[in-house]
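Engineer: As a plain string of letters, each chain reads:
Number of protein chains: 2
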Amino acid sequence: LDGFIAGPKPTIKEPLGQGGEQLHEWVLKLEAWRKPHGRYGGETGPENDYMKEFFNRDGAVIMGRKMFSGNDGPWKDDPNADGWWGENPPFHVPVFILTHNKRQKVIKQGGTTFTFVTDGIDSALAQAKDVAGEKVVGISGGANVIQQFIKAGLLDELEIHLVPVLLKGGTRLLENLGDAKLKKVKVVDFPSVTHIKYHL
Amino acid sequence: LDGFIAGPKPTIKEPLGQGGEQLHEWVLKLEAWRKPHGRYGGETGPENDYMKEFFNRDGAVIMGRKMFSGNDGPWKDDPNADGWWGENPPFHVPVFILTHNKRQKVIKQGGTTFTFVTDGIDSALAQAKDVAGEKVVGISGGANVIQQFIKAGLLDELEIHLVPVLLKGGTRLLENLGDAKLKKVKVVDFPSVTHIKYHL
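Line by line, the protein sequences give chains A and B.
The first sequence begins at 1 in the working numbering and counts up by one.
The second sequence begins at 1 in the working numbering and counts up by one.
Hints were generated in silico from the structure; no laboratory data involved.
One or more of the hints may lead you astray.
For identical chains, the list gives no copy identity; a pair is met inside one copy or between any two copies.
What the hints assert, rightly or not - In the PhoX-like style, the derived pairs of lysine-lysine whose C-alpha atoms are separated by at most 25 Å in a straight line are:
#, residue 1, residue 2
1, K168, K186
2, K29, K183
3, K29, K184
4, K29, K102
5, K151, K129
6, K108, K9
7, K181, K9
8, K181, K108
9, K29, K181
10, K197, K184
11, K105, K197
12, K186, K29
13, K13, K151
14, K186, K9
15, K151, K108
16, K35, K108
17, K197, K168
18, K52, K181
19, K135, K35
20, K151, K52
Here the structure is a predicted model, which means the values were calculated and not measured.
Could you build all of it, start to finish, from the sequences and the hints given here?
Structural biologist: The following block contains the structure:
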């Protein structure tokens with residue numbers, strides 16, 4: 001609610017910074033989140049249906065290097081580290097990682113591949129579109145990567161999952177956006193989260 | 001959308017700072033806003049009904065000195081200045097102004113009175129409650145005054161009128177709130193604005 005998508009001082013133990021996990025409580029309880037993460041159970045119903053559809057839209061995902069392998073931790077300075085995503089990552093589609101370090105594509109279980117892109121966001125987008133087919137390309141984060149795509153005019157849609165949490169500090173999403181203009185196209189309100197969709 | 005309730009550099013010509021007027025376009029077109037401001041016409045319908053009820057809830061209003069008489073302008077250093085509210089201000093209820101300068105109560109047309117309170121927010125609230133009767137006491141602004149009330153645990157309800165405008169700078173509302181916790185109680189979405197009501 002106060003604009004931060006992660007709290008202050010992200011670490012390997014608190015990748016979303018101090019208090020940042022509160023932002024995701026609403027989704028962690030849903031089957032739509034638990035299933036791709038290899039966990040049993042979870043709530044079903046309209047909130048879950050909404051997020052199931054949301055997650056299923058992506059045919060490919062783009063993320064930044066820090067989201068892939070963390071800000072610190074034992075692999076911080078290891079350009080070959082896999083990060084925290086494990087052997088069966090929750091994406092289940094090809095993932096393109098923006099990085100300065102060239103490395104070979106990594107094939108994981110469950111349909112996730114990690115491809116490392118060293119020549120910028122346009123290249124990552126072109127590669128992701130190639131494999132996404134009829135589905136969309138999702139920009140996963142972090143904030144800086146999303147901002148780069150918005151500033152370059154390459155983002156079509158932004159969806160904010162608004163929760164009444166005040167983090168008081170951390171990483172803001174909606175800054176460094178150049179001259180971007182947003183148009184609200186849809187609001188879907190559930191007890192624990194309000195989804196607001198914008199077109200750019 | 002990026003958290004600012006006024007843009008950068010407020011002046012007498014742009015009291016809401018650079019670009020800040022964009023935040024209010026949705027309400028300026030409504031009859032519910034135009035009528036108390038002494039203007040004819042304006043849109044009616046569900047958006048208007050909602051705001052009419054919103055405005056009519058207040059039995060008294062509290063505001064800061066800067067909201068009353070501006071940040072600059074010819075009256076900047078004049079402790080007796082009336083500010084920009086004219087002879088028939090839009091409040092039509094008693095208004096309590098937090099200030100460091102003692103002065104006599106001012107009686108305007110249309111039911112608005114300006115009472116100057118020099119002994120802090122608790123005193124202003126007690127005086128406002130006394131005259132509000134069955135109606136509520138509205139905290140008008142600016143941000144600093146709202147923050148003081150929230151931090152002191154004196155605010156029961158906060159309603160955000162969210163518009164897809166990025167001001168890129170200015171005055172933020174949701175900071176300096178102490179340990180305040182918010183609970184979302186209602187979302188009402190219209191094409192040009194999304195109202196989100198929180199209880200504290």
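Engineer: If you check each hint against the structure, which ones fail?
Structural biologist: Numbers 4, 6, 8, 11, 13, 14, 15, 18, 20, in rising order.
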